[in-house]
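K.L.:
The primary structure of each chain is shown beneath.
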Amino acid sequence: MDLNVLVQAVNPSPWKVFIPLYFYFTGLSAGSFILSSLSTVFGIKKFKPLALPSAVAALVLLVLAPVMLIADLGQPLRFLNVLNPAYFNPTSPISYGSWLLTFYPIATLIYIWLMVKGGASFSGKYAAQAAAQVAGTSEGDLASPADKKLKIMGMITIPLAVSVHAYTGFVFGVVKAKALWNTALMPGYFLTSAILSGVGLLVLVYLVLSKRRQATPDPVLLQSLANMMIGIIVLDLFWVISMWLVLGMGTEAARIAVRLELHDPLYLLGEIGAGMLVPLLILVPKRLKTKPGWLAVASVLVLFGVFIMRYSLVFTGVEASNLVSFF
Amino acid sequence: MGENKKKRYGMVIDLRRCVGCMSCQVTCKVENNVPFDDFRARVNIAERGTYPDVKRFFLPTLCNHCEEPPCVEVCPVGASYKREDGVVLVHEDRCIGCGYCIEACPYNARYLDPNLHVAQKCTFCVERIDNGLPPACVHNCMGKARIFGDLNDPESEVSKLLNSVPTEVLKPEMGTHPNVFYIMADFNGAVKKEG
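Protein sequence lines, in the order shown, are assigned to chains A and B.
Using our numbering, read the first sequence as starting at 1 and increasing by one per residue.
Using our numbering, read the second sequence as starting at 1 and increasing by one per residue.
Same shape as in the complex, but just chain A (with noise of 0.2 Å):
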């Protein structure tokens, strides 16, 4: 039917570039955490010089991300409200992400404590000997009983790392009044590129930390890395791809809204380009891979790309939302 909507009067939208800088610390602040547990947790030793650093980058940015969420804050002083237990709301996804975002920087904090604690083998200065023991692989030392902690408190931090960011994703899910956003795979989409993120990040971070020590970064690690971006991007391009048919094929609200996306140059250049299709072009080739620049420059696009996607999918779906008439 020919509908064509002559006046309507718009209630704008009050989210601010905050929202998506939010949901891109959280995401960071979760990737970099999956990576850390990769040798304490899941044992595998040649993430190990990254285990400390990516701990540390988790807890800094998941400082830095409520500040943002409380900047977008109407009434920023209430913000104590999410955490009255009186007010707590179980249908909201907000409601029971701020008690995730509050539980999971102590856990970190603790984490980090304990792998201080326990022992050099975690800290970066010795990032030279954790690589070495790459090599001999019968090293054993995950068995001492102070790393056995770490890996208790690992375990018990990685479902909140993992929830931190997920909820995120539910926070658009859940919204059947935006097209783009309710979808299933919202959460899935944004834990895959969260972890995409902090891989990024955090191959930047190893890069920056090794050639301060005037030490050679590790090229099976770096490689390692690299082969793990490329996974996760191809995943995400599925996430995407997903989306683009089945949004192109729902109601005239789910189509206005991938129209607008496949319209739109922020989008096409920035997080499919950029932050997807020239790093899947530099991590492929052998040749490029194992230089540390080119893997640099990938790992800042990548970083660019993943907050693209937050701001893109944020404002977008706000858009599309007022292109359908409200009644």
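Keep in mind that the hints are not guaranteed to be accurate.
What the hints assert, rightly or not - Dumping the calculated DSS-like pairs for lysine-lysine here, alpha-carbon to alpha-carbon at most 27 Å:
no. : chain 1 : residue 1 : chain 2 : residue 2
1   : A       : Lys176    : B       : Lys160
2   : A       : Lys291    : A       : Lys46
3   : A       : Lys46     : A       : Lys289
4   : B       : Lys171    : A       : Lys176
5   : A       : Lys16     : B       : Lys7
6   : B       : Lys7      : B       : Lys160
Said to hold, decoys possible - Estimated spans, in silico, between C-beta atoms of each pair:
no. : chain 1 : residue 1 : chain 2 : residue 2 : range
7   : A       : His263    : B       : Lys160    : 19 to 25 Å
8   : B       : Met142    : A       : Glu252    : 51 to 57 Å
9   : A       : Gly293    : B       : Pro35     : 24 to 30 Å
10  : B       : Pro35     : A       : Phe238    : 40 to 46 Å
11  : A       : Gly248    : B       : Arg16     : 34 to 40 Å
12  : B       : Pro35     : A       : Ile156    : 46 to 52 Å
Don't read these hints as lab results, they were simulated from the structure.
Quick caveat: nothing in here was measured; it's all calculated off a predicted structure.
Glycine is no exception: its CB is placed at the ideal position from the N, C-alpha and C atoms.
Given chain A, put chain B in place with the hints provided.
P.N.:
Using the frame of chain A, we list chain B on its own:
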């Protein structure tokens, strides 16, 4: 029976009578001190069909005071709530102004007040209905297109209209079960005349 029964407020908007004078929109702004950029009650204008079978129509909207309000479901602090009599309201002193309810409303009925910094919405003029008066938009509707009353009372004008005339709600696919009903919105859609 009707005496001690719980009230359930609702509205019927008769599009046959709406002339598009916008007095509901203006009245609402005056009565509720609605900021310049924002709206609680508004009159939308749309046209449907292709030439020569075109119809232009007015469609006044307001908060639907849904039975299953998405705004109440997503509020992280329980500041948005549904009163016993069906009116959806905001605790102004509890709202943190996160704007989530505003994004979650399929009808774009809410806004963040730039002066109070909290979410605001149509209240069915709660201070008027609690004192036995109709909402301001109903009171000032010159065509009497807006009819307000208790949906649980079979003798009320809204109930009689709902029982005798076919009505529709907006965006029924959202599953929100609005308490604002429209007469003849379907007619305004189906303008194709055969022969």
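K.L.:
Each of the hints needs a verdict: does it hold here or not?
P.N.:
Hint check results:
1. Lys176(A) - Lys160(B): violated, 33 Å
2. Lys291(A) - Lys46(A): holds, 18 Å
3. Lys46(A) - Lys289(A): Holds, because 18 Å separates the two Cα atoms, which is no more than 27 Å.
4. Lys171(B) - Lys176(A): holds, 11 Å
5. Lys16(A) - Lys7(B): violated, 39 Å
6. Lys7(B) - Lys160(B): holds, 16 Å
7. His263(A) - Lys160(B): 19 to 25 Å: violated, 49 Å
8. Met142(B) - Glu252(A): 51 to 57 Å: Because 34 Å falls outside the window, the suggested range is violated.
9. Gly293(A) - Pro35(B): 24 to 30 Å: violated, 53 Å
10. Pro35(B) - Phe238(A): 40 to 46 Å: holds, 44 Å
11. Gly248(A) - Arg16(B): 34 to 40 Å: holds, 38 Å
12. Pro35(B) - Ile156(A): 46 to 52 Å: At 47 Å between Cβs, range holds.
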